[in-house]
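Trainee: Dock chain E against the given chain D, drawing on the hints supplied.
Protein chains: 2
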Amino acid sequence: MRIGVLGAGQLGRMLALAGYPLAKTFVFYDMSGNPSAGLGEVIIDRDGNYLDDFLSRVDRVTYEFEHLPVEVAERLAKEKPVHPCPRALQVCQNREREKTLFGELGIPTPQWKIADSAESLKSAAEALGCPVVAKSNTEGYDGKGQAVLKSPEEAQEAWAAIGHPRLIVEKFVQFKREVSIIAVRAEDGDVAFYPMAENTHHEGILRYSIAPAPGLRKDIQEEAERYIRALLNEMDYVGVLTLELFETEDGLVANEMAPRVHNSGHWTIEGAMTSQFENHIRAVSGHPLGNVEARGLSCMVNIIGEHGEIDRILELPYAHVHLYNKGERPGRKLGHVNILADSYEELVWRVRNCAQFLPGSPEFRSSLTTKG
Amino acid sequence: MRIGVLGAGQLGRMLALAGYPLAKTFVFYDMSGNPSAGLGEVIIDRDGNYLDDFLSRVDRVTYEFEHLPVEVAERLAKEKPVHPCPRALQVCQNREREKTLFGELGIPTPQWKIADSAESLKSAAEALGCPVVAKSNTEGYDGKGQAVLKSPEEAQEAWAAIGHPRLIVEKFVQFKREVSIIAVRAEDGDVAFYPMAENTHHEGILRYSIAPAPGLRKDIQEEAERYIRALLNEMDYVGVLTLELFETEDGLVANEMAPRVHNSGHWTIEGAMTSQFENHIRAVSGHPLGNVEARGLSCMVNIIGEHGEIDRILELPYAHVHLYNKGERPGRKLGHVNILADSYEELVWRVRNCAQFLPGSPEFRSSLTTKG
Numbered sequence: 001m002r003i004g005v006l007g008a009g010q011l012g013r014m015l016a017l018a019g020y021p022l023a024k025t026f027v028f029y030d031m032s033g034n035p036s037a038g039l040g041e042v043i044i045d046r047d048g049n050y051l052d053d054f055l056s057r058v059d060r061v062t063y064e065f066e067h068l069p070v071e072v073a074e075r076l077a078k079e080k081p082v083h084p085c086p087r088a089l090q091v092c093q094n095r096e097r098e099k100t101l102f103g104e105l106g107i108p109t110p111q112w113k114i115a116d117s118a119e120s121l122k123s124a125a126e127a128l129g130c131p132v133v134a135k136s137n138t139e140g141y142d143g144k145g146q147a148v149l150k151s152p153e154e155a156q157e158a159w160a161a162i163g164h165p166r167l168i169v170e171k172f173v174q175f176k177r178e179v180s181i182i183a184v185r186a187e188d189g190d191v192a193f194y195p196m197a198e199n200t201h202h203e204g205i206l207r208y209s210i211a212p213a214p215g216l217r218k219d220i221q222e223e224a225e226r227y228i229r230a231l232l233n234e235m236d237y238v239g240v241l242t243l244e245l246f247e248t249e250d251g252l253v254a255n256e257m258a259p260r261v262h263n264s265g266h267w268t269i270e271g272a273m274t275s276q277f278e279n280h281i282r283a284v285s286g287h288p289l290g291n292v293e294a295r296g297l298s299c300m301v302n303i304i305g306e307h308g309e310i311d312r313i314l315e316l317p318y319a320h321v322h323l324y325n326k327g328e329r330p331g332r333k334l335g336h337v338n339i340l341a342d343s344y345e346e347l348v349w350r351v352r353n354c355a356q357f358l359p360g361s362p363e364f365r366s367s368l369t370t371k372g
Numbered sequence: 001m002r003i004g005v006l007g008a009g010q011l012g013r014m015l016a017l018a019g020y021p022l023a024k025t026f027v028f029y030d031m032s033g034n035p036s037a038g039l040g041e042v043i044i045d046r047d048g049n050y051l052d053d054f055l056s057r058v059d060r061v062t063y064e065f066e067h068l069p070v071e072v073a074e075r076l077a078k079e080k081p082v083h084p085c086p087r088a089l090q091v092c093q094n095r096e097r098e099k100t101l102f103g104e105l106g107i108p109t110p111q112w113k114i115a116d117s118a119e120s121l122k123s124a125a126e127a128l129g130c131p132v133v134a135k136s137n138t139e140g141y142d143g144k145g146q147a148v149l150k151s152p153e154e155a156q157e158a159w160a161a162i163g164h165p166r167l168i169v170e171k172f173v174q175f176k177r178e179v180s181i182i183a184v185r186a187e188d189g190d191v192a193f194y195p196m197a198e199n200t201h202h203e204g205i206l207r208y209s210i211a212p213a214p215g216l217r218k219d220i221q222e223e224a225e226r227y228i229r230a231l232l233n234e235m236d237y238v239g240v241l242t243l244e245l246f247e248t249e250d251g252l253v254a255n256e257m258a259p260r261v262h263n264s265g266h267w268t269i270e271g272a273m274t275s276q277f278e279n280h281i282r283a284v285s286g287h288p289l290g291n292v293e294a295r296g297l298s299c300m301v302n303i304i305g306e307h308g309e310i311d312r313i314l315e316l317p318y319a320h321v322h323l324y325n326k327g328e329r330p331g332r333k334l335g336h337v338n339i340l341a342d343s344y345e346e347l348v349w350r351v352r353n354c355a356q357f358l359p360g361s362p363e364f365r366s367s368l369t370t371k372g
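So the protein lines, in turn, are chains D and E.
For the first sequence, position 343 (counting from the first letter as 1) is numbered 343 according to full-length UniProt numbering, and the numbering increases by one without interruption.
For the second sequence, position 362 (counting from the first letter as 1) is numbered 362 according to full-length UniProt numbering, and the numbering increases by one without interruption.
The following block holds chain D by itself, in its conformation from the complex (with noise of 0.2 Å):
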C-alpha cells in the first residue's frame, strides 16, 4: 500500500520508518519547498500544481502538520480515502472552534473569550481576570504568536506584538503539570489510548515528556481517556489524536488538540509496545490496532538547536537516539532521545545524564524533581 503524506518534516519521517516494516511506501507532498523527510519520494509542490500527479501515486493520504489549507485535504478525500478526516484539519486550525467543540462534547477548558480589537482585548482581560493567555486564533503553534497579560494594560502592547485580527483569550490556569493523551482510532471504531505523559515546556517547545505520567491516578487517566474519546467518535476519527491538557487541583482542563503523531508520543518508539507512528499507519491503513501499553518507565528529551554530543549519548545504555538530519538553528527541533528506566527516581538520575551533553537544555524539571 502506498501512503501519501502531506507534509515532509520528521513526523512523516518517523511515520515511513514505522511503516515499512508493514509493506507500506511512502510520497509526501511539501508545500515548505523545504522537506526534511529524507526517505521516500517526494514532490515538491508550493503552488498546488501537481496534487493530482501526488494523488496518482498514493493509495490513501495522511498528513504530518495541522497547518495545511483544508480545500486541498477536501479536494484529496474526494479521490482517495483521507485519515484523519478534513473536518479535524478544520477544528485544530481554529482555536475558538475547538473550544466550541470541547465544550459541547463536555470537555473543560479554560474560560475563554474571542478579541478582534486592542480595545476588546482589554475588556476580555478584565471580564476574565488576569493573567490571560492571548493566542492567534489560527496559525499559532510551538507558542508563537501569543502573550501572556499580567494586567488589562498591557492589551495594547500584546494586541500589537501577536499581530493578527482575531485572538482567543484564555484565562490563566492553575495548573499542577501539563500532560498529553495520545489515542488512536481505527477504521472500525476501535480505539486505543497510550498511557499520559507528562510534558515539561521551555521557551513555548516541549523539552522532555515523561510516561507514564509519574502519579498517575487512574481516575485521571480515565477522564482524559473519556475527552478523547469523545472527539475521536464525534469527528468519526481515523488515525492518532493527541489532546494537551493541564492537570489542576479539579481534575483535567483542556489546551488544545492536535490531529495528528505528537512530539510528547515520540517516547512510545521504544518505550511502548506499538509506537504511535505504527499506530497511525496501522490504523489509516486498515489494519487492527496494535497493544499501546508501556515497556517501562521513559523520558523524551528534545534536541533543539544544536546536536550536542551525540557520541557521549550514544555511549548511555539506556538512551535511545533519533535524529532527523536536519541542520541547528536555534530552537529548531534536531531529534530526540528516548530514556529508559525502571524505576522514576533512576530515570531522573539518567535524563540528567543525558542532558549534560545537550548544550541549551533548560535544567530537567517535572513533578518528580518538585515538591508539591
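Note that these hints are calculated values from the structure, not bench results.
The model shown is predicted, which means the values in this text are computed figures rather than measured ones.
Hints are supplied without guarantee of correctness; some may be wrong.
Any copy will do: because identical chains look the same in the list, a pair fits if it lies in one copy or spans two.
[To be verified] Calculated lysine to any residue pairs in the SDA-like style (CA-CA distance at most 25 Å, straight line): (1) Lys326 with Thr25; (2) Lys80 with Glu187; (3) Lys326 with Ser56; (4) Lys326 with Glu41; (5) Lys333 with Arg2; (6) Lys326 with Asp59.
Mentor: Structure of chain E alone, referenced to chain D:
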C-alpha cells in the same frame, strides 16, 4: 554520513531503517538486478560499470551478503573505508579457509576433509565415519549445495547432486541444539556480545530463533564469546559478525560464520536494547557501540513463502511484524515476526498462537518443547 551497502535485500533494508535515526543516508549497490530494499537510492549494476559512481556517492561501505566478488570489495577499500574488511568475505566464501581459520584460533569444528571427486568423497566418508555432510566448498547457503551421506556408498549420487568440483565433508555432529552468537566490534576495538539464540531450521531454512537461548549456561555463553572474539580480533573486524554453532554434550562446535547481520539476530529489533542493525551501523560509522542487553524474552518467527493472515498477527498484543515487501515464492523469506514474553512458558504459547496464522510454518520445536 552516506553509507553504501553492497546488496539490496531485506538485510540492507533493515540496516537503513536502523540507520536513518542516526542521520545516515543509504545508497544500495545491487548486482542481482532484483533489489528489494525499497529504501534509499539503488544503483543496479549487473556488469560492474557503475562502481565509481557508487563510490562517489558514499562515505563508507558495508555489505549485507557475503557472496559478492572479493575483488569488488578490495577495489572499493582502496578508496573508502569498507567494513567488515574484505578478508572476512574471503574467509566466509570458502568453507575450507573458514574451517582452517577456526582451527588456527582453537575454535572446535566437526572433523572435516576435502573431496574433489566422487571417489575422494567416498574415502572421506569412510575415514570420518558416516553420517557425514558434504557441502560445496564455495557458493552454498541456506542449505543449498549440501547432501547428507548415510553411508559411503551414497558418494556417487551425492557428488552428482551437489555438482560442485570441491566439497568439504564434515562428520555429523551429535548436537543438543543449534545456537548462534552475534557480536559487534567497533573501530576502536571495543566488542559487545548479544546473548546467544537457539535456532530451529526446517528444510535448510531458519524458522525460529529464541533469545536468550533457554537454559543458557554462563560458561557456554562465555565459550562462544571467546571464539567470536578471537575471530573479530584476528580479522581486525568492524561491524556485526555471526557465528553459528552446535551445542553438544562436550561444549560448542562451530558450524559457520557470517560477516554480517543475521537472521538469527532479527529478534534484537524489539528484544534487545540496541538492535543488531543499529549496532552494525554504529560500528561501521565509527560511533560507540550500543547496549546489547535483552529486553525480556523473544522468539523470531520467519515468514516463509507466503504471508498468511498478517492482520490476525497484527492483532496479537505481543507480536511485532516486519515485512520485506517482497512477492510470495516457495522458500522465500518474506518477513518475520518478533514475539515477546516474560517467561519461556508464555513464549511457547505465544509462538504457537502466532504460527497458526502462517501457513507452511513447521510445528514449533525447540529445547522448550522437547524433553532432554
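Trainee: Evaluate each hint against the coordinates.
Mentor: Against the structure, the hints:
Taking the closest pair of Cα atoms, Lys326 and Thr25 come within 25 Å of each other both inside a single copy (22 Å) and across two copies (12 Å). Taking the shortest alpha-carbon separations for Lys80 and Glu187, only the intra-copy value of 14 Å comes in at or below 25 Å, while the best inter-copy value is 49 Å. In the homo-oligomer, the alpha carbons of Lys326 and Ser56 lie at most 25 Å apart only across protomers (22 Å), although the nearest pairing inside one protomer, at 29 Å, exceeds that limit. In this homomeric assembly, Lys326 and Glu41 come within 25 Å of each other (Cα to Cα) both inside a single copy, at 18 Å, and across copies, at 19 Å.
In the homo-oligomer, the alpha carbons of Lys333 and Arg2 lie at most 25 Å apart only across protomers (22 Å), although the nearest pairing inside one protomer, at 27 Å, exceeds that limit. For the identical chains of this complex, Lys326 and Asp59 are inter-copy neighbours only, at 18 Å across copies versus 29 Å inside a copy, given an alpha-carbon limit of 25 Å.
In summary, the structure agrees with every hint in the numbered list given earlier.
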